[in-house]
Structures are given as C-alpha cells and as structure tokens.
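Chemist: Letter by letter, the chains look like this.
2 protein chains.
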Amino acid sequence: MTRVRVDLNISLDGFATTTDQTPEKPFGEDWGRLTDAYVSTRTFRSRVLGDTSGAGTTGVDDDFASRYFDEIGAEIMGAAMFGLHANADDPDWRGWWGDEPPFRCPVFVLSHTPREPIPMKGGTTFHFIDADAQDALNTAVAAADGGDVRIGGGPTTVRQFLRAGLVDELHVAIAPILLGRGIRLWDDLRGFEEGYRATSVSAPSGTTHLTFSR
Amino acid sequence: MTRVRVDLNISLDGFATTTDQTPEKPFGEDWGRLTDAYVSTRTFRSRVLGDTSGAGTTGVDDDFASRYFDEIGAEIMGAAMFGLHANADDPDWRGWWGDEPPFRCPVFVLSHTPREPIPMKGGTTFHFIDADAQDALNTAVAAADGGDVRIGGGPTTVRQFLRAGLVDELHVAIAPILLGRGIRLWDDLRGFEEGYRATSVSAPSGTTHLTFSR
Ligand SMILES: NC(=O)c1ccc[n+]([C@@H]2O[C@H](COP(=O)([O-])OP(=O)(O)OC[C@H]3O[C@@H](n4cnc5c(N)ncnc54)[C@H](OP(=O)(O)O)[C@@H]3O)[C@@H](O)[C@H]2O)c1
Ligand SMILES: NC(=O)c1ccc[n+]([C@@H]2O[C@H](COP(=O)([O-])OP(=O)(O)OC[C@H]3O[C@@H](n4cnc5c(N)ncnc54)[C@H](OP(=O)(O)O)[C@@H]3O)[C@@H](O)[C@H]2O)c1
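Line by line, the protein sequences give chains F and Y.
142 is the number that full-length UniProt numbering gives to position 142 of the first sequence; each next residue is one higher, with no gaps.
207 is the number that full-length UniProt numbering gives to position 207 of the second sequence; each next residue is one higher, with no gaps.
Please note: incorrect hints may appear among the correct ones.
As the list claims (entries may be wrong) - Simulated coverage check for chain Y against chain F, where a stretch passes if three residues somewhere in it have a Cβ under 8 angstroms from a Cβ of chain F:
{"no.": "1", "stretch": "4-17"}
{"no.": "2", "stretch": "189-198"}
{"no.": "3", "stretch": "201-213"}
What the hints assert, rightly or not - Take a look, some chain F residues computed to stay more than 10 angstroms from chain Y by CB distance:
{"no.": "4", "residue": "Met1"}
{"no.": "5", "residue": "Asp62"}
{"no.": "6", "residue": "Arg104"}
{"no.": "7", "residue": "Ile118"}
{"no.": "8", "residue": "Pro119"}
{"no.": "9", "residue": "Asp188"}
Worth flagging that the hints you see were computed from the coordinates, not collected in a lab.
Yeah, the Cβ is synthetic: ideal placement off N, Cα and C, and Gly gets one too.
Next up, chain F with everything else stripped away, as it sits in the complex (with noise of 0.2 angstroms):
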C-alpha cells in the first residue's frame, strides 16, 4: 500500500525555511544550523552529495536519513522548494540539485505556472501540476506505481496535505534553535495529532525525531 509521507527539518519554535539568505550565502547560515545533523549523516553524504568515503555519521540521525530515501515512488513539491520563485526569470531553470537529482522518481512541482516537463539523469523527471493536494496526490500516487509518496516541502505545500488529511506518516527532526521567524510548519493545524501515533527518538546531536503515524 502506497504511504504518503512526509520528513521536515524545522527548528524548536516550528520553522521550517530560514530568512537570512544573503547573495553570497544564499542558503544562509541557518539552514546550515538547521539541518546539521542530517547533512552530516552518511546516508546523506553518499545519497546527495555522491560522496562514495563512507564518510558521515551514523546511528539514530543516519537512520532516519536513510529510510527518508527508501520505498519513495514519487515526489511532491512547491514550486518554491523547487527554486522557481527565487529564479523566476530563469526559463531554464532544472532545480537545485545538479544533473542528477538524489529523488530517482518521478517529481511533480505544484506551480500555478506549470511548464515543460524536465526529465534528468538517473531516474527523476520534473513534471510541473497545477492541481489542489488531493488531484495532485492521485497523479503521484500513480506514477509511483506501488511505492510511497513523499510531499518533500516546503511548509506552505506541506500544510495543504496535513490539513486534508492526506499524510500518513509525519516525520520531523527537530533541531535545538530557535530561529525566530520564517514560515511555520504547525500553523493551523489544531488537533493533527487525533488518529496518529505518536514516537519520539532523541539523538546524540541534540535533534530530536518526532513521527506521527497511522
């Protein structure tokens, strides 16, 4: 059975992107203190970075960052986290990862602008819907043929499918910082955890792995 899943990195007071990007940090120092621990697991090192060492750490963190990457059939994000908005003018735009992109699924970005579909190397194509969370979720859910569907972010996406109910799997690491501001990922959603299970794991690095299941 297909799961719909969804794996956030947010920090203690909720928020789930960073806002001090400059020109020549463009992911900013927070998002490096945001997502420390994930990026410096093994599985994330080889998975995206492509760093065949071994180098990385290992245990809970790695964990979690590996079963990120199992089972995944295809892909769901926002246009933002796909780097449309901050390359608008950009009509070639292919993303932020490189000619081949660690998803290896078919990926669909929600765009009120959809263009041409991008097919890249080593399995991930981009395909571009503008459709609401649950017609979106049926064209994933098909093309994953079997595998699990991951709504990979940002939080403005995210929301729109915990608040139709359509995720059954919410995995949040949580980092020890509190940024302050950005976009939350728990506004509005009073009550979410009514039908879940909840498990929360800690680990060495300070993060703490929150799941709600059904």
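Add chain Y with the ligands to chain F, keeping to what the hints say.
Modeler: Same frame as chain F, but now just chain Y with the ligands:
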C-alpha cells in the same frame, strides 16, 4: 551556587497555556492533555496531590518531575499563574494549591497590584512584588538561601527571564499535541540557544524532554 531554573509543559507547536476553559471545566481538556505525562508521575501524585499510595508512573517522566522539586529555595511566578487574573474580585484568593501548597519555600508573585504576604502551611509563603525580572530575581536569590530559584510560569513571566539572559536551565516537556492557540513560549527568542548545551530525552509517553543548560 544558586541556579535559575524553568520547567514547563508545552505543546509541539510551542503553546504553554490552554484556551478551552469553561465554567464547568475550569482547566479544560487541553490542560489535561498538555500535562498528562507529568501529572501521571509518582512524584506529582505524592508531592502535589498528597497521594501516599505509591501510585503513578516511574521512569523518564518521573525522573524529571522529581528534579522539578529538588533544591528549589524560592519560586517566582506571574499574577495569572497564581490566579489573580481569574479571581480578580476575590481579595482573599490564596492560589490554586489548597492549604498546603507543594512549593514549601517563599514564592514571589509578580504583580502590578501587590497584596500583603500570605503564609501557608508547609513552608510556603506567597509574597507579591512589583519588580522587573532582575530585581525580582535578586529578591528571590536572597530568600532562597543557597537553593535554586525556579521561575514557575506562566509563559509571559518566563519569557521576561529568558530574554534577559537570567535563566541557567530551561527544561520543557513537549507533549506530542498541537494546540494551535494560546500563549507561545518561544516568541521573540531567536538565538536563545547560544551559550547553552541542549540535551533531549524521549519518554515512552511520547513526551520529549528538552533541556538547555549552561
Ligand atoms: N525544512 C525542511 O526540511 C525543508 C524542506 C523543503 C523545503 N524547505 C524550504 O522551504 C522553502 C519553500 O517553502 P515555501 O513554504 O515557501 O513554499 P513551497 O511550499 O515550496 O512552494 C509554495 C508555492 O508552490 C506553489 N503551489 C503550492 N501549492 C500549490 C497548488 N495547490 N497549486 C498550484 N501551485 C501551488 C505556489 O507557487 P506559485 O503560485 O508561484 O506557482 C506556492 O507559492 C524553501 O526555502 C526551502 O528551503 C525546507
Ligand atoms: N505550561 C506550563 O507548564 C505552565 C506553568 C505555569 C503556568 N501555566 C499557565 O500559564 C497561564 C498564565 O500565564 P500567562 O503568561 O498568561 O501569565 P503569567 O506569566 O502567569 O502572569 C503575567 C502577569 O503577571 C504580572 N507580571 C508579570 N511580570 C511582571 C513584572 N515584571 N512586574 C509586575 N507584574 C508582572 C502581570 O499581571 P498584572 O499586570 O495583572 O499585575 C502580568 O499580566 C495559566 O493559564 C497557567 O495555567 C503553564
């Protein structure tokens, strides 16, 4: 050395107060869900409820509950936590905790309309003071006689001490629920974590115990 400590129960979305009180249920369902893991502990049952049967949970949640009362020589709380706001027209209000409150030390209630001190059974005396965070703390440290000072709550009061850099140890028990409304603990605390060590422990109840200490 006196340490200044905070222990609060908060929801995953950062709320430290509840909003569903009714005349029939003066604490509301949300308060029960927010504090469930804490009030179920053996320590809470014996120390706060006076239940000498030995009932209650043991383990991670109880370890933190028991630390809550250790070594505290004085407490500071806000007028709302003491109940002055909800009982503004009762000049004889003596707090929510019965004749023998669990504090067993001097308690300084911050208020813009101070009253006469109220000595209670078991070592607790409620003093009412109109002071900023630093002055209130100086008063409490002197009264604590070498013991620690706890800033008991609510969030409006606690945030003043956090923002002023006066807190040595902040422990939050994070319940895996989303309240969606109330007073947030974390507002305006960007960068609070600097200078603190963060540790996180998960309890089987689903509660995450996060501690910042310096
Ligand atoms: N913390 C994490 O783990 C994590 C993970 C992923 C991303 N991020 C961060 O999240 C940020 C982006 O998040 P975000 O919340 O600002 O935006 P987002 O969710 O990535 O994208 C939102 C945009 O997608 C389009 N869209 C969303 N739903 C749609 C629908 N149903 N139909 C049509 N179009 C739709 C709209 O763009 P248009 O109207 O322009 O078409 C909307 O403005 C990035 O900074 C990224 O770094 C964080
Ligand atoms: N989650 C938890 O673990 C926890 C723990 C404790 C309490 N609580 C909850 O917190 C709620 C109350 O919190 P709250 O944030 O609304 O209020 P609070 O912090 O308890 O009280 C705030 C009030 O205290 C007085 N005050 C605060 N600082 C002062 C200062 N420097 N000088 C003079 N007066 C000062 C002011 O009252 P006046 O202007 O009226 O004098 C102010 O409105 C309650 O519902 C309680 O259940 C939760």
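Chemist: Could you run down the list of hints and mark each one as holding or not?
Modeler: Hints and how they fare:
1. As drawn, the stretch 4-17 of chain Y meets chain F at 3 residues by the rule of a beta-carbon pair under 8 angstroms; at three or more, the given contact holds.
2. Only residues whose beta carbon comes within less than 8 angstroms of a beta carbon in chain F count, and the stretch 189-198 of chain Y has 6; three or more means the coverage holds.
3. Against chain F, the stretch 201-213 of chain Y contributes 8 residues with a C-beta closer than 8 angstroms to a partner C-beta. That satisfies the three-residue criterion, and the hint holds.
4. With a cut of 10 angstroms on Cβ distances, Met1/F stays outside the contact zone with chain Y, its closest approach being about 24 angstroms.
5. Remark: the non-interface label on Asp62/F is consistent with the geometry, its nearest Cβ contact in chain Y lying 17 angstroms away (cut-off 10 angstroms).
6. The non-interface label for Arg104/F is consistent with chain Y: the shortest C-beta to C-beta separation is roughly 32 angstroms, beyond 10 angstroms.
7. Annotated as non-interface, Ile118/F keeps its C-beta farther than 10 angstroms from every C-beta of chain Y; the closest such distance is 36 angstroms.
8. For Pro119/F, the non-interface assignment is confirmed: its Cβ lies about 39 angstroms from the closest Cβ of chain Y, beyond the 10 angstroms cut-off.
9. The beta carbon of Asp188/F is not kept farther than 10 angstroms from every beta carbon of chain Y, the shortest such distance being approximately 7 angstroms.
Violated hint for the displayed structure: number 9, the only one.
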